[in-house]
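Undergrad: 0 is the number of the first residue of the sequence shown in numbering that gives the first Met the number 0; add one for each residue after it.
These are computed hints drawn from the structure, not numbers from a lab.
Nothing false has been slipped in among the hints.
So the derived label-pair ranges between C-beta atoms look like this:
id: 1; residue 1: Ser185; residue 2: Lys333; range: 33 to 43 angstroms
id: 2; residue 1: Leu446; residue 2: Ser185; range: 50 to 60 angstroms
id: 3; residue 1: Arg239; residue 2: Pro202; range: 24 to 34 angstroms
id: 4; residue 1: Pro161; residue 2: Trp101; range: 10 to 20 angstroms
id: 5; residue 1: Thr414; residue 2: Phe186; range: 44 to 54 angstroms
id: 6; residue 1: Asn214; residue 2: Gly388; range: 34 to 44 angstroms
id: 7; residue 1: Pro202; residue 2: Ser135; range: 26 to 36 angstroms
id: 8; residue 1: Asp111; residue 2: Ala53; range: 15 to 25 angstroms
Built from N, CA and C at the ideal position, the CB exists for glycine as well.
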Amino acid sequence: MENAAAGYVRMYALFIMMGFMLFNSGAAHSADKRGWVDARDYGAKGDGVTDDTAALQAAISAGKIIYIPAGKYLVTAPLNVRGWRIIYGAGRDSTVLKAGNWLSDFVIKSVDGNSRRWMPYSVISDLTIDGGSSASALGGIYASYITQWVFERIVIYNFHNPDAVGLHLENAFQIAHRDVTIRMGSFSAGKKGEAAFKVSAAPDGIHTTHITYDNCLAQFTGTAYYLAPLGNRGGEMTIRQSAAGIVDYGVKIKENHRDVRVENTLIENASAGGIWATSDIPDGIRSLTLENIRLWETTIGVVANNVTGLRMRQLQFVGDDPDGHTMYRINNTKRVDWDYEDVELTAYGAVLDPALSVNPRITRFFLNDPAPSVAAGARRHTFITQATGPLTITRFKDGFQGQEITIIFPDSNVTLNETGNIRISGSSFRPPPNTVMTFIFDGNNWLEKARSVN
0 MENAAAGYVR
10 MYALFIMMGF
20 MLFNSGAAHS
30 ADKRGWVDAR
40 DYGAKGDGVT
50 DDTAALQAAI
60 SAGKIIYIPA
70 GKYLVTAPLN
80 VRGWRIIYGA
90 GRDSTVLKAG
100 NWLSDFVIKS
110 VDGNSRRWMP
120 YSVISDLTID
130 GGSSASALGG
140 IYASYITQWV
150 FERIVIYNFH
160 NPDAVGLHLE
170 NAFQIAHRDV
180 TIRMGSFSAG
190 KKGEAAFKVS
200 AAPDGIHTTH
210 ITYDNCLAQF
220 TGTAYYLAPL
230 GNRGGEMTIR
240 QSAAGIVDYG
250 VKIKENHRDV
260 RVENTLIENA
270 SAGGIWATSD
280 IPDGIRSLTL
290 ENIRLWETTI
300 GVVANNVTGL
310 RMRQLQFVGD
320 DPDGHTMYRI
330 NNTKRVDWDY
340 EDVELTAYGA
350 VLDPALSVNP
360 RITRFFLNDP
370 APSVAAGARR
380 HTFITQATGP
390 LTITRFKDGF
400 QGQEITIIFP
410 DSNVTLNETG
420 NIRISGSSFR
430 PPPNTVMTFI
440 FDGNNWLEKA
450 RSVN
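Please take these sequences and the hints and turn them into a complete structure.
TA: Have a look at this one:
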């Protein structure tokens, strides 16, 4: 984190240097003498009717620091933003770039005519990009071969092309997204587009790395945050203090991603899955950390396949759908390490591959569940009971032959009896507070192996 912060400090220092250089550069247009250019000086009207594409592009091409005043600017062809540019509006509620009816590309498209030529040090901030419910526009921003860019205080919305992406990076590294909101559809229009945020990469010698999303929001689309397959190994992707809602997938991660973190994030109403980390090749995803995540009404909370190194901390599963949901679906995954999860209202279940390599942590039983699932434990796992009052547990669900579980009873609310598949010393037992018991499953029944009354 310190290295990333230092990198952003250096980045802004370079932008300040750019301002001084421009101020003394004697640029061709008189507006440049101020150290920045105003899009209106190049003919931009911002009246929502005039085609401002050429005027905006002229300002972007002429200056390094470009100010777009309040107004609605009609864009009918993509604006090409190269490196060494700072483009800022009067605020998200004031400066709007609106896609014209015939636009069949991105509103902003940052590409270089020379393939694989990297474009450094740019900022786009304080404006809104309106897709105008277009079924042809490809999205808000596309940027390829960029490095050390910042996207900040931006709103992108209303793109209805099924293949549209709000903000798409391809072959990029050291990129910061801060306070970016993307709503591809709406309550009335439904979910639109492929994704709100997307990162992808064609094969390249330079890895796609160090991309952060801070305080971002993605809604009404297929995938909120899509880390698409990379042509070369990538890593250091972080989504934190962000949110996703009314989507198919909250976060989707594909092969060749390394060191991905999702933390302090809310995912709600994800109809397919909350966090979906699946690779088509063995060990295709390495080192995935999920921490302090609230999953509300997600059909499946976490899906992992062909992941090596999965760490989960403080996941909360919440929902009131009577049909229930699944907490985890994890297979072909090695070195799984999780702490505990909280489950509220809906009885979430779990489906795991029993061959997982698991570093044990404590998992909470569902609140007041008389037949709790032990599937989250793999071969050996520790559970803790949760009961707000007297509770009799008669069976453990979802076990497999040879599985061993350890149960901690923090209070005296729980009683075990043998009317189900539990076999204990004595037909009924009410463990005193802080009792620890171990059971092993023979394929039919859970046999008591050890008991420690503290």
